[in-house]
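We have chain A; now place chain B onto it with these hints.
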Amino acid sequence: MLYAILCYNQEDVVCAWSKEHEDSVMEKLIAVQDRLSREGRLGPVARLMPTTAATTLRKDREPPLVLDGPFAETKEQLLGFYVVDCESLDGALDVAKDLGKANPGGSYEIRPIALFQPGAAGA
Amino acid sequence: VTDFGWIEGAIAAARPQAMAALLRYFREMDAAEEAFQDACLRALKAWPKNGPPRDPTAWLIMVGRNAAIDAIRKSSRETVLPPEELLSDLEDAEAEIADRLDGSHYRDDVLRLLFICCHPDLPATQQIALALRIVSGLSVREIARAFVVGEAAMEQRITRAKARIGVGDAPFEDARADRTRRALRGRGGDDLPGLQRGLFGQRQGDRGQAAASVMKPSAWRALLLRLFPAEPEMMGLTALLLLQHARSIARFDADGAAILLEDQDRSLWNRAMIGEGLALIDKAMLKRNPGPYQVQAAIAALHARAPVPRTPTGLASTCSTRRWRSCSPRR
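The listed protein sequences derive, respectively, from chains A and B.
Counting from 1, position 19 in the first sequence corresponds to residue 19 in the numbering used here; the numbering is continuous, with no gaps.
If you count the second sequence from 1, you need to add 123 to reach the numbering used here.
Please keep in mind that the hints were generated in silico from the structure rather than gathered at the bench.
The reader is advised that the hints may include incorrect statements.
[Claimed, not checked] Each computed DSSO-like pair below joins lysine-lysine, with the alpha-carbon atoms no more than 27 Å apart:
#1 Lys19(A) x Lys168(B)
#2 Lys172(B) x Lys101(A)
#3 Lys19(A) x Lys75(A)
#4 Lys97(A) x Lys410(B)
#5 Lys75(A) x Lys97(A)
#6 Lys59(A) x Lys75(A)
#7 Lys197(B) x Lys101(A)
Just chain A, with the same shape it has in the complex (with noise of 0.2 Å):
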């Protein structure tokens, strides 16, 4: 079963890391994410700009509106995903506790994913 792990943070304090924070964790991540690599469990990774960068086209009219953001009032914003092949929910919680010990803040929302098209771009 794939599962899509969503990355939520306070995207103004994980932009205000320093080069060194930064560096050390994704040092960290990325021992994790070689071994699920090696495991030929991990999908598509994605780490997003920030929201600030962000367009939103609301489709409920015609012409569709074009909107800047989102920025709603959460506190914590969706950051990135990854997609991640496990047995069970219990599996994917491992992988997203074993990601949170190398980033430690914010959560993880896992999905199950109902639809997976891989696709070619950027490969």
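The following block gives chain B in isolation, referenced to the frame of chain A:
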């Protein structure tokens, strides 16, 4: 050690809003600064122990305010506040204040703070120095370096600026969003290039470290774009800062001498920052409302994208044929 990295980031990110809110409470720059510093000290003690609060900004505001009020009370009669544990995240004590301090409150506060720092009685150099000190929390040394003056001179300049605002009728009450936005737009033309000159146009610096340490584009992005999420000029300015900053390491040689754009080692440029700058200018151009910062950012974007140096004629023609051709300038 990583804990402290996190705390440092959280405090830096919270600073403009927290300082602005504390200034609203105390209406005095020194009191607000002291309250903020007090809150930071308490955060360094409390956060590693209790874990990060749900909303660091609200935590700092509340603890800073309480600590300052406590100090004021203490000087008249001995009244102690409840222990810090009760103020911490465990009780979710900041939830209420966090709800009240929504985005628009923050915005008015931060605008007020910016305008106090950019008080018309102050000369431009003092305005910028004060804003960097108060809003962005840069050290006097960092600011002195950016302006290429001595530390003592900068210290004096900032103290003088603060004193001047203290006695004048600082615009504590005026933060109507529309008016300030108009004013900011008018002002942007004067102040921010001055700041940029201060930050980027300098001859010296140990391998660009001066510029790199002074300018944290993430802080500006958080400040400018949170305040004006839909303002294309703010997107342009933030894009410009990101694109300029991305090249800072390549800008100076080992002896601190400037390296011209065409001679820079492009592999040293920060690709992530360039990517974000390009995304922002792309988004700004979608609004078809060009202005000076967007044009500058678009030119910087062309340089940043180019694998080899661009010629000026190539630049000029690319600029004029870009998506703006059909738009009229905004002023």
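(request) Taking the numbered hints from earlier one at a time, note which ones the structure violates and give those numbers from smallest to largest. (result) Violated hints (numbers, rising): 4 and 7; every other hint is consistent with the structure.
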